[in-house]
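So the sequence shown is numbered by the working numbering: it starts at 4 and just counts up by one.
Among the hints, a few may not be true.
Claimed, not checked - In silico lysine to aspartate or glutamate, DMTMM-like type, Cα no more than 25 Å apart, as pairs:
{"hint": "1", "residue 1": "50", "residue 2": "144"}
{"hint": "2", "residue 1": "125", "residue 2": "43"}
{"hint": "3", "residue 1": "50", "residue 2": "36"}
{"hint": "4", "residue 1": "125", "residue 2": "154"}
Stated by the list, open to error - Here are the in silico distance ranges between beta carbons for each label pair:
{"hint": "5", "residue 1": "63", "residue 2": "24", "range": "22 to 30 Å"}
{"hint": "6", "residue 1": "88", "residue 2": "120", "range": "28 to 36 Å"}
{"hint": "7", "residue 1": "102", "residue 2": "144", "range": "53 to 61 Å"}
By construction, these hints were calculated from the structure, which means they are not laboratory data. Computed from a predicted model, the values in this text were never measured in an experiment. No residue lacks a Cβ here, since even glycine has one placed at the ideal position from N, Cα and C.
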Amino acid sequence: MTLSSITITSETQALFDDIKNPQGDMLRRVVTDMIPTIHDRIHVQGKAADGSQIGTYSDAYMAVRTGKTQKGAQSKSANRYNRSADTKVILSLTRQLENDYSVQPGAVGWGVGFNNSLNFDKATWNNTRYGKVIFDLTSDELDRVVTLTEEHITTLFQ
């Protein structure tokens, strides 16, 4: 029987240390890579973390959102928000919330958060308003985190 051996250099040890460190650079990159996926689910598809639709906008809100009155006439706002007539809730009118996503350090590692505390408050309020957890990861997104982590580890050792 032949045994293989590997030599661990200080550079290799540093890579292992980064992988094990929840505040390490590799995990920060994984979280950064997840932001477009989370954005698409919430602000394009209009889905909560459980995969269901967040909700449906009211007719009154749609008049503000699209610039059209309930009778189809153009309102004074004339679609200043440049939004479609789709009534699914996507939590995007001014785009402040979705444009504020950023990688944030936490007690146990990196996560997606907001630079502006008011946007965190909006996110929390919308979870309550729609009675759904919106801003957590879906099971598919958690699987994607695992895949991205594996890809990053593979890249580190190439």
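Looking at the structure, which of the earlier hints fail to hold?
Violated hints: 4, 5, 7; rest satisfied.
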